[in-house]
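**Student:** Taken in sequence, the protein lines are chains E and A. All residue numbers for the first sequence refer to this note's numbering, where the first residue is 205 and numbers rise by one. All residue numbers for the second sequence refer to this note's numbering, where the first residue is 2 and numbers rise by one.
Calculated directly from the structure, the hints in this document are not laboratory data. Treat each hint with caution, since some may be false.
Computed spacing ranges between beta-carbons, pair by pair [claimed, not checked]:
id, chain 1, residue 1, chain 2, residue 2, range
1, A, P71, E, K260, 21 to 29 Å
2, E, P318, A, E55, 43 to 51 Å
3, E, L215, A, L84, 30 to 38 Å
4, E, G220, A, G41, 27 to 35 Å
5, A, E54, E, G300, 19 to 27 Å
6, E, N231, A, R64, 24 to 32 Å
7, A, A39, E, N271, 41 to 49 Å
8, A, T15, E, G264, 41 to 49 Å
9, A, G100, E, T230, 18 to 26 Å
10, E, G300, A, P9, 34 to 42 Å
11, E, N303, A, H68, 16 to 24 Å
Here are a few chain E residues that face chain A, going by a calculated C-beta distance under 10 Å [said to hold, decoys possible]:
id, residue
12, Y240
13, A245
14, S253
15, I257
16, G264
17, F266
18, F269
19, K272
20, S273
21, S299
22, F308
23, G311
All values reported here derive from a predicted model rather than from experimental measurement. Note that the Cβ used here is the ideal one computed from N, Cα and C, for glycine as well.
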Amino acid sequence: DQQVKQNSPSLSVQEGRISILNCDYTNSMFDYFLWYKKYPAEGPTFLISISSIKDKNEDGRFTVFLNKSAKHLSLHIVPSQPGDSAVYFCAAYDSGGSNYKLTFGKGTLLTVNP
Amino acid sequence: DAGVTQSPTHLIKTRGQQVTLRCSPKSGHDTVSWYQQALGQGPQFIFQYYEEEERQRGNFPDRFSGHQFPNYSSELNVNALLLGDSALYLCASSLRGMGEQFFGPGTRLTVL
Chain E
205 DQQVKQNSPS
215 LSVQEGRISI
225 LNCDYTNSMF
235 DYFLWYKKYP
245 AEGPTFLISI
255 SSIKDKNEDG
265 RFTVFLNKSA
275 KHLSLHIVPS
285 QPGDSAVYFC
295 AAYDSGGSNY
305 KLTFGKGTLL
315 TVNP
Chain A
2 DAGVTQSPTH
12 LIKTRGQQVT
22 LRCSPKSGHD
32 TVSWYQQALG
42 QGPQFIFQYY
52 EEEERQRGNF
62 PDRFSGHQFP
72 NYSSELNVNA
82 LLLGDSALYL
92 CASSLRGMGE
102 QFFGPGTRLT
112 VL
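Pulled out of the complex, with its shape left as it was, chain E reads as follows:
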């Protein structure tokens, strides 16, 4: 039972254009969402997060949008740069109760072409 889904295994964009990575979740208890970037032979690096009380969070070139009714979030990267080429993981978290684990999607490989 995959509670966090990233349905696009890969995405290719041109340098300077917008990259949009999508993520869907099924567990309505999730109220905190994170995006991580992972280069080969390295651990995931935290990028940006959003709480369910917001529908948008922006940090430089990265913006995360949350649509709670659709249980959908997306990460926008503008403008995309070749150094952004990596695997991007969406993760979700239930901040209530005694649950502390992050639930991850399978990831999307982003390739930004020069």
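Dock chain A against chain E, hints included.
**Tutor:** The following block gives chain A in isolation, referenced to the frame of chain E:
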């Protein structure tokens, strides 16, 4: 400011053996979580340690056990290794287990 460190980087074992992986959390963090990442998958939660106790456990068998030391560092032990245990093992640290978790570079375990 040191980030999360893990050792060793790579490890090769044979079926039935036991392995111990080590993790030091980011400075100022007191909680360590362990994740297993199989090829082509996202990280899967194994367990979390806080105040030297296992606070939450994922869907992993008892062959997976851990420990947290007073300095907040942690070990992951896997007994009776199976071929399916081959994966990247990631350690993540946080403050009281809340919010963003910061990951180490991982230990690549290969079971032959």
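**Student:** None of the hints should be skipped; say for each whether it holds.
**Tutor:** Each hint tested on the structure:
no.	hint	result
1	A:P71 x E:K260: 21 to 29 Å	42 Å, violated
2	E:P318 x A:E55: 43 to 51 Å	47 Å, holds
3	E:L215 x A:L84: 30 to 38 Å	32 Å, holds
4	E:G220 x A:G41: 27 to 35 Å	30 Å, holds
5	A:E54 x E:G300: 19 to 27 Å	21 Å, holds
6	E:N231 x A:R64: 24 to 32 Å	27 Å, holds
7	A:A39 x E:N271: 41 to 49 Å	30 Å, violated
8	A:T15 x E:G264: 41 to 49 Å	47 Å, holds
9	A:G100 x E:T230: 18 to 26 Å	22 Å, holds
10	E:G300 x A:P9: 34 to 42 Å	37 Å, holds
11	E:N303 x A:H68: 16 to 24 Å	22 Å, holds
12	Y240	7 Å, holds
13	A245	7 Å, holds
14	S253	6 Å, holds
15	I257	14 Å, violated
16	G264	16 Å, violated
17	F266	14 Å, violated
18	F269	19 Å, violated
19	K272	19 Å, violated
20	S273	24 Å, violated
21	S299	7 Å, holds
22	F308	3 Å, holds
23	G311	6 Å, holds
The earlier numbered hints that this structure contradicts are 1, 7, 15, 16, 17, 18, 19, 20.
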